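Enquirer: Go by the hints and put chain Y with the ligands onto chain L.
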Amino acid sequence: MNPFRRFWQTVYRSVFRVGIPKTNLGRAQAMVSSFLLHLHPAKVRRDSLRPTRTFGLGLITLYLFIILVVSGVLLMFHYVPSVERAYDSVRDLSFVVTAGVLLRNCHRWAAHLMVVAIVLHMARVFLMGAYKAPRQFNWGVGVGLFLLTLFLSFTGYLLPWDQLAFWAITVGTSIAAYAPGVGELTRFSLLGGNIVGQASLLRFYVLHVVVLPAAAILMIAVHLYRIRKDGGLAHPDEDQPTVEEGEAPPPQKSYGLMALTESSTPYVGRDPGKEVFAWPHLLIREVLLFVGTFSVVLLLAIFFDAPLEELANPIHPPNPAKAPWYFLALQELVAHSAFLGGVIIPGALVLALILLPYLDRRRVGIGRWFARERWLANGTFLLVLLALAILTVIATFFRGPNWDWVWPWAAGG
Amino acid sequence: MSKSLPVVGQEPSPEGRSLKTGRKWRRRDFVLLVFGWIGTLGSLSAATLAGMRGLLPNLLDEPNQRFRAGKPEDYSDGSVAFLDEIRTFLIRKGDGFRAMSGICTHLGCTVNRADSGYRCPCHGSLFDEDGNVLSGPAPRALDSFGIAQARDGRLVIDRGRSVSPEEFLVVGSGGKGLEDRGGGEQA
Ligand code: HEM
Ligand code: FES
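For the protein sequence lines, the chains are L and Y, in the order given. If you read the first sequence in our numbering, its first letter stands for residue 1, the second for the next number, and so on. If you read the second sequence in our numbering, its first letter stands for residue 1001, the second for the next number, and so on.
Rather than coming from a laboratory, the hints here were simulated on the basis of the structure. Since we're looking at a predicted model, the values are computed, not measured. Hints may contain errors.
Just so you have them, the derived chain Y footprint on chain L, three or more residues with Cβ under 8 Å [claimed, not checked]:
no.: 1; region: 129-141
no.: 2; region: 157-171
no.: 3; region: 183-192
no.: 4; region: 195-201
no.: 5; region: 315-327
Which residues of chain L face chain Y? A few of them, derived with a C-beta cut under 8 Å, are [as the list claims (entries may be wrong)]:
no.: 6; residue: 174
no.: 7; residue: 175
no.: 8; residue: 176
no.: 9; residue: 334
no.: 10; residue: 335
no.: 11; residue: 336
no.: 12; residue: 337
We put the beta carbon where it would ideally sit given N, CA and C, even for glycine.
Next up, chain L with everything else stripped away, as it sits in the complex (with noise of 0.2 Å):
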């Protein structure tokens, strides 16, 4: 061998500990010896992988973090956090720098793209009743990494400087206001004053570039970990009434080592045969869903602009000022009363998210769509998202000056 190829060969070694795995011993050890390799099991369920499993939503939700991560960094770069600049340093994205616009609205439809992606993976993990034991504490981080989501996006939006951005954040803070005891407090140190101005944007930036994406990215290791440590994937045969009610079976890993093999000698609780290689089964769907996922949100960058509204005129908002589509169920609510429908109704909805499964214990209709033995949850889950998509769709439509009813299809509505 000459000696170049020879120190390659030591550095390509020193890095990948084994090469492209040809047996089944070495896609194994692939999944084991490397750090991006080992947050995956080295063997995954066959059904796991079915995509009407997942619809990989999870996977779809944690690759548009990244792609907001990666984006919201370059971003960074042109925007000034401070009430003179921001709006035209937003606006300089779209005239000044060279794709700047294709930046910008990369970072929004990705974020807009990821409250879909995380309310859906949240219904079918409802859905399919997969926060039981031992998962409860894992369905916590998601409620967790949910509300994250949204505070990300809330924060988010007062960064342009625009309009919307400060009437948004004006009323939405004005909400927490309302919360009994601590409201007020909330609100003063959230704006860093009595009224939206720089102390208040530097605050969100702050919240929205480091403290939150940090919190998020800590509380997704957890929960990635967590789905391992949980035993993989909920499926189905966990769904037998041989464990006592209400106690949590053992966490099982997700492979033994006897499992590594595709020996035909049967193994305690678990078939080799219903199991892959995560390597290459999982890796190559983890790639493509990655692909399409980047893809859609390139494609939605390249057709549709991200708006920027009028530079924020802190004395009149616009009329109607409506709230992000996803706040607006809150904003209809709201509408009626700021109390109860901006404090009480929320907050139980959110503890109810995260008692539940503490509260729903039975070990009935794990790991498959719509159990007819979950009628009751499910049906109850599927009514409160039904509640939320109507509200949505009359403040969206059916709202116009002032807040009034208006029929969309009338002229001028």
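Expert: Showing chain Y with the ligands alone in chain L's frame:
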């Protein structure tokens, strides 16, 4: 580590018991435990509190509570002027002046003048001429602020002082009202 620290899980000396196994508390174990916890929790919570308190601004870059609105003759009889800086309506009826907040008591949008009264564009709250809620989600009437006349005759709106909407400042025959102490207090 100094020799006097108890070694957890071992018999340190014949006359005493270790923290882990002993049923008998020695004074120095107790002292160590109490001061250890006080020190740890105390320093952590002091640092946390200081860090958090630092996030509450001591100085605000916001308009003063007191706002000089100019001379009475700047406003014609029957006029309703909107003062941008403090988002407040200055209403003149005859020789009487009244200042009413334009900030909606629901969620802080700025209300607009409507045919009779005021309307909030954000969630549609409707207020009458005196700021009372006629309909909509606003929980209470628009605030009315005290007005005074300074020595030089100019009007000073004090947003720190709420008054009833019936209270008008009557100007004209001699400056009644409080002295303009200049500037204003911090909010
Ligand atoms: C940043 C946000 C999130 C990311 C990146 C994420 C990522 C993932 C991924 C990759 C999976 C693997 C299975 C799949 O693709 O569906 C998963 C499963 C899971 N997620 Fe999430 N997730 C997020 C938010 C949430 C939320 C909001 C919830 C619910 C409140 C949740 C609860 C769960 C549970 C319980 C599982 C296990 C499901 C099973 O075993 O079948 N996650 N998550
Ligand atoms: S802010 Fe005025 S009605 Fe909501």
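Enquirer: Please verify that hint: residue 337 (chain L), Cβ, nearest Cβ of chain Y, below 8 Å or not.
Expert: Constraint on residue 337 (chain L) satisfied, holds at 6 Å.
Enquirer: Using the nearest Cβ pair, does residue 336 (chain L) come within less than 8 Å of chain Y?
Expert: holds (6 Å)
Enquirer: If you take the shortest Cβ to Cβ gap from residue 335 (chain L) to chain Y, is it below 8 Å?
Expert: holds (4 Å)
Enquirer: Go through the hint on residue 175 (chain L) and say holds or violated, using the shortest Cβ distance to chain Y against 8 Å.
Expert: Holds. Min distance 6 Å.
Enquirer: Apply the coverage criterion to the region 183-192 of chain L and chain Y: a residue qualifies when its Cβ sits closer than 8 Å to a Cβ of the chain, and three qualifying residues are needed.
Expert: With 3 residues closer than 8 Å to chain Y, the region 183-192 of chain L meets the three-residue bar; holds.
Enquirer: Count the residues of the region 157-171 of chain L whose CB lies closer than 8 Å to any CB of chain Y, then report whether that count reaches three.
Expert: With 3 residues close enough to chain Y, the hint holds.
Enquirer: Checking hints one by one. Is residue 334 (chain L) an interface residue toward chain Y, by the C-beta closer than 8 Å rule?
Expert: Holds - the Cβ of residue 334 (chain L) comes within 8 Å of chain Y, reaching about 7 Å at its closest.
Enquirer: For the hint on residue 174 (chain L), does the least C-beta distance to chain Y fall short of 8 Å?
Expert: holds (4 Å)
Enquirer: Within the region 129-141 of chain L, is the number of residues with a Cβ closer than 8 Å to a Cβ of chain Y three or more?
Expert: violated (count 0)
Enquirer: Count the residues of the region 195-201 of chain L whose Cβ falls closer than 8 Å to any Cβ of chain Y, and tell me whether that reaches three.
Expert: holds (count 4)
Enquirer: Does the closest beta carbon of chain Y sit nearer than 8 Å to the beta carbon of residue 176 (chain L)?
Expert: violated (10 Å)
Enquirer: Mind checking, does the region 315-327 of chain L have 3 or more residues with a CB under 8 Å from chain Y?
Expert: holds (count 7)
The earlier numbered hints that this structure contradicts are 1 and 8.
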